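**Student:** Position chain B against the provided structure of chain A, taking the given hints into account.
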Amino acid sequence: MAVSVVLPRALTPYAHGAGTVQLDASCATVREALGQVAARWPALVDRVLTEQGELRRHVNIFVGDESIAFLDGLSTAVDEGTTITIVPAVSGG
Amino acid sequence: MLDWQLHTSRMRQSTLVLVGTTKGAFILSSDDAREEWTVDGPHFPGEAVYSIAYDQRAGRSRLLVGVHSNHWGATVRLSDDLGRSWSGPERQAIRFPESSGLSLAQVWQIMPGRPDEPDVVYAGVEPAALFRSDDAGESWAPVEGLLNHEHRARWMPGGGGLCLHTIVLDPSNRDRMAIAISTAGFYRTDDGGATWRPRNAGVRAVFLPDKYPEFGQCVHKVTHHASRPERLFLQNHWGLYRSDDWGDSWQDVANGVPSDFGFAIQSHPHDPDTVYVIPIQSDEFRVVPGAQLRVYRTQDAGATWGALDDGLPQAHAFESVLRDGLAVDTHPRAGVYFGTRSGKLYGSNDDGETWKTLADALPPICCVKTGVIGAT
Chain A
1 MAVSVVLPRA LTPYAHGAGT VQLDASCATV REALGQVAAR WPALVDRVLT
51 EQGELRRHVN IFVGDESIAF LDGLSTAVDE GTTITIVPAV SGG
Chain B
94 MLDWQLHTSR MRQSTLVLVG TTKGAFILSS DDAREEWTVD GPHFPGEAVY
144 SIAYDQRAGR SRLLVGVHSN HWGATVRLSD DLGRSWSGPE RQAIRFPESS
194 GLSLAQVWQI MPGRPDEPDV VYAGVEPAAL FRSDDAGESW APVEGLLNHE
244 HRARWMPGGG GLCLHTIVLD PSNRDRMAIA ISTAGFYRTD DGGATWRPRN
294 AGVRAVFLPD KYPEFGQCVH KVTHHASRPE RLFLQNHWGL YRSDDWGDSW
344 QDVANGVPSD FGFAIQSHPH DPDTVYVIPI QSDEFRVVPG AQLRVYRTQD
394 AGATWGALDD GLPQAHAFES VLRDGLAVDT HPRAGVYFGT RSGKLYGSND
444 DGETWKTLAD ALPPICCVKT GVIGAT
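Those sequence lines, one after another, are chains A and B. Just so you know, this note's numbering puts 52 at position 52 of the first sequence, and the rest follows in order with no gaps. Quick note: to get this note's numbering, add 93 to the position in the second sequence (first position is 1).
Don't read these hints as lab results, they were simulated from the structure. Computed from a prediction, not measured in an experiment: that's the story for all the values here. Careful: at least some of the hints might be erroneous.
Derived, one-sided and incomplete: chain B residues facing chain A with beta-carbon distance under 7 angstroms [unchecked claim]: (1) His164; (2) Trp165; (3) Pro182; (4) Gln185; (5) Phe189; (6) Ser196; (7) Ala198; (8) Arg207; (9) Asp364; (10) Thr367; (11) Arg434.
Every residue gets a Cβ at the ideal spot worked out from N, C-alpha and C, and that includes glycine.
Next comes chain A alone, as it looks inside the complex (with noise of 0.2 angstroms):
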């Protein structure tokens, strides 16, 4: 197995339900790991990035335990057995 995607509740309806996507090709960044993601469920993927490929604002995207924004943003490397974690940030009103 080489790469895993753990979505929030919120996204899994773009999944068809499934809360964690498996990847099985290897991608060496964030931003591959998503794009395998979106050649499978293009919709999940558009509420993560803008159509200019970011990261919405109030989007967080961990690898492993740590938030990419601290690490390299969506050129963070993930390595075989990465678990990418999607969570929607601390915002609302």
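**Tutor:** Relative to the frame of chain A, chain B by itself:
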């Protein structure tokens, strides 16, 4: 009420009031008398709804709703059973091309096209752009002539963002339509959207050194009546105007309103000289003047305006109404409806002469639209 009971009940009703709020959409329904209302919602709980349209051209009965999740972005959702079920999950319906460098922030307006092009729908969005659908809202493409407009780099966002919030169609001329952008002003095309010219002569821009620039005005909303489409009424960021020539020139018609600042303006459904506005005290104190909630109406195309307040709170009403918060229905005796930022929804079933509270504790109201089932 069970879903199917609600749906069946609503199909027997004739009148819909569609309310978008910061935390979802609500559908109010009533019969022709419009005395008793059923409130259904929220749809899309937690998501902001700045635009709704009801389209019953070509035998449809379709709701189109612009929803915005603080986390997951904006899209348009559709329902062909009056809100019992909604389209999705699917790809984000409105998307800027990558080459534009832009990303959708909000859908501010959804406008069904002309009666003789029943599959056309327009959407005004933030950042300011116009999208067109040729399949009744299923798929969308940007209107390139406006997307690539030479003025774009000089358009500045207002408090609500750089939004295209108003779409005005010439019902008999497919080549002519107009839009308004805050803060860019009023633009018209006469060639089907290929080119767009600013049409702001006479409209003030109090916040600029040049008070009457070619463009850059903060137009808040424009309305007209289909029977006299060239006569436009414009609520500006300070200024209430009328044009009799599709925007080529504008005249001040703030004759008797307590303030010419405001957002909401709406034409009467049957009389092109009758228009409703809800004045706001000032740009710095955005509540109704004197804390008295009043709708003002002209019946002579702006020569005079009079207050309508029977049934509305006349003391301690620190209310404001946003640009799409005022709507009319198409019954012979017109219904008039408006919603406030404090979540109160008011309605009149007699052209605005008397008012009732239809809901008094909704989330902050962003837009109010109507539909009369079976009307053409």
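**Student:** Each of the hints needs a verdict: does it hold here or not?
**Tutor:** Here is what the structure says about each hint:
1. His164: With a minimum Cβ separation of about 4 angstroms from chain A (threshold 7 angstroms), the hint on His164 (chain B) holds.
2. Trp165: holds (4 angstroms)
3. Pro182: holds (5 angstroms)
4. Gln185: holds (4 angstroms)
5. Phe189: Holds, about 5 angstroms.
6. Ser196: holds (4 angstroms)
7. Ala198: violated (9 angstroms)
8. Arg207: violated (29 angstroms)
9. Asp364: violated (40 angstroms)
10. Thr367: violated (37 angstroms)
11. Arg434: Violated. Min distance 13 angstroms.
The structure fails hints 7, 8, 9, 10 and 11 (numbered hints given earlier, in ascending order).
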